[in-house]
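Visitor: In case you want the letters, here they are:
Protein chains: 2
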Amino acid sequence: MGRIPFDRLQDTITAAFTRAGMSEDKARACATIHAESSRDGVYSHGLNRVPRFVEYLEKGWVKADAEPTLVRSMGAIEVYDGQRGPGILNALTATDRALEVAAEHGLAVIALRNTTHWMRGGAYGWRAAEQGKILLAWTNTESCMPAWGASNTRLGNNPLVMAVPREEGPVVLDMAMSQYSYGKLQVTRLNGAQLPYPGGFDNEGILTTDPGAIEASRRILSTGFWKGSGLTILLDILAAALSEGAATHDIDKIDEGSCTGCSQIFIAFDPERLGSAEHLQQVVDGMAEYVNGSTPAEAGRRVTYPGQNTMRTRQDHLKNGVIVDDDIWNEVLALADRA
Amino acid sequence: MGRIPFDRLQDTITAAFTRAGMSEDKARACATIHAESSRDGVYSHGLNRVPRFVEYLEKGWVKADAEPTLVRSMGAIEVYDGQRGPGILNALTATDRALEVAAEHGLAVIALRNTTHWMRGGAYGWRAAEQGKILLAWTNTESCMPAWGASNTRLGNNPLVMAVPREEGPVVLDMAMSQYSYGKLQVTRLNGAQLPYPGGFDNEGILTTDPGAIEASRRILSTGFWKGSGLTILLDILAAALSEGAATHDIDKIDEGSCTGCSQIFIAFDPERLGSAEHLQQVVDGMAEYVNGSTPAEAGRRVTYPGQNTMRTRQDHLKNGVIVDDDIWNEVLALADRA
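Each protein sequence line maps, in turn, to chains A and B. Just so we're on the same page, this note's numbering is the position in the first sequence counted from 1, plus 24. Just so we're on the same page, this note's numbering is the position in the second sequence counted from 1, plus 24.
Just so you know, not all the hints are guaranteed correct.
Coverage of chain B stretches by chain A, computed from C-beta distances (three or more under 8 Å per stretch; other residues unrestricted) [stated by the list, open to error]:
id : stretch
1  : 169-176
2  : 314-322
3  : 325-336
Heads up, incomplete: computed chain A residues facing chain B, CB under 7 Å, no partners named [what the hints assert, rightly or not]:
id : residue
4  : N176
5  : Y221
6  : H273
7  : G310
8  : T319
9  : W353
Derived from the structure by calculation, the hints contain no laboratory data. The model shown is predicted, which means the values in this text are computed figures rather than measured ones. Every residue gets a Cβ at the ideal spot worked out from N, C-alpha and C, and that includes glycine.
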């Protein structure tokens, strides 16, 4: 593990993306989200994801130049077709449009179909909350886990993002509907460790903390057993229905990489426009005090709200450099330096 | 356990509520939701909850005659004050208003503050979906579980409802953010059984399936460990912020029964008005086929989507009578028969 200054990380990823055929502006916008993900400690969708995104661009699975088109509009609701353009750019467009529409109507629902992987969903929540807005957003995905009571994968992990502003730093939830990601299973297995809590069933149908056994069975656990299974089904249907786009069972037929062709929803509220900004701050401050004031289950451990620890990681990385995996950093340097 | 015809159940609960001071119309509207909950197999908030509701009416914690007042309105958003009236009536008003506003604007957000327990949240999802609408609704509650990493209860279980229409019967998710309810712990303990999966921590901080040990520690588990803890915090903040109402830390100060003073959100979409009703049916039918076609983990077991099993229970109860607990049935008969 090394430490790289944020600006250098951002510039290097930008160069990797321009070498793969993106315009300078678009490359920088995408690279910023990747660099900020690593900066915030979400390594899986930061620098680590750059080589795969370059691969998708080169295979034509993500269209470097495609831009979203408005399909229909009705008051506070707009539907866009992402045209399989870069998922980050489409999601940024949808988020920014949601904030604009919410500034006018108090709320906005932007539905986006036929887009590609948005990388770190939390990025859009942080963006909205840092501008004083509330965001509720989710995406559907290809299948990666079984429905409750099934042994084969037919549900997506459909990450859900909820973000509200707070002066000391926003409250941002960014959760996939699987208990653990396959990335977490792999890292845990490579470290020779067990998961802290059961993460799936083995091939005999026994609940296990052994990451390798779950990778082998593909029976990764939905968050909260049957509950996450139900929640992910509803998130999928709503995303596909409101965007008039693809649901998981359609995305599974596309086979052009993770999330290609997926559907996303961005719901924004503007507390200023709604006249409730002051009340919101009281609510959030009260929650923070209440949660932070909990009795820790283990002495010395801090009880936090979603997003609270992110601010510490961010400050450390901005001061001391962003932590990178050396092998991946060298791989991205090579992608940035090629002719 | 006995079986009581649905109409008799409904009439008896209506009488219990009129005896407690409600008007005939309001008593019948509330009784219908209780009776339908038992009819659908949600016993905890059906007949079983009637004595406690009567107690709340008699203590004045729920105001029998209070009606919601409009606080503010802005396009597709409306905020109501529930005036501590019966939670079922307030939630029905909010749901019906959400469907009306959605019929005009395509979508609606109704925020309701200062209301009381809505009983079975799924009731409002079924109501919307049976009229061809999409509903996303949630409530906050008093605290009943610890934040992740804490040992004392500071989070509500904040049930979330998501419902979409389907011709064969709607898809309806109705989930609290705790892995199990205290009611489920009690029933399991009284049966001398263990929970099927860990439901909390004991007083030593060890994850356990022993319901009595969790009742003693009050360290009930949030759905999906840290994930449900985060999700419930965000649902709480959004409910309180958008309704300009109370969050869990405020509700905890009220101390007039479960959920008194809580905040609720009802988001409706009208697929007909949005022009996406046909696409929605394709999406839902495709999901149903995909999920139902999963390979069962145990031979002979059916893999279902949320709400699918409810239709079977409902049909059985309408044909053969609604299953009731004999002691509770006799208690409600006495409440209905008193002077």
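Visitor: Next step is simple, just say for each hint if it's right about the structure.
Guide: To see whether the hints hold, each was checked on the structure:
Closer than 8 Å: that is the beta-carbon criterion, and the stretch 169-176 of chain B has 7 residues meeting it against chain A, so the requirement of 3 holds. With a threshold of 8 Å between beta carbons, the proposed coverage of the stretch 314-322 of chain B by chain A holds, since 8 of its residues qualify and at least three are required. Here the stretch 325-336 of chain B counts 6 residues with a CB under 8 Å from a CB of chain A, which clears the bar of 3, and the coverage holds. At about 5 Å, the closest approach between the beta carbon of A/N176 and any beta carbon in chain B falls short of 7 Å, and the interface hint on this residue holds.
Given hint, A/Y221 at the interface with chain B, holds; its Cβ is 6 Å from that chain's nearest Cβ, closer than 7 Å. Because the smallest distance between the Cβ of A/H273 and any Cβ of chain B comes to about 4 Å, under 7 Å, the interface hint for this residue holds. Look at A/G310: its Cβ gets to within about 5 Å of chain B, closer than 7 Å, so that hint holds up. Taking 7 Å as the C-beta cut-off, the interface hint given for A/T319 holds, the closest approach to chain B being about 5 Å.
A hinted interface residue such as A/W353 counts as satisfied when its beta carbon comes closer than 7 Å to some beta carbon of chain B; here the least separation is about 29 Å, so the hint is violated.
The structure fails to meet hint 9 from the earlier list, while all remaining hints are met.
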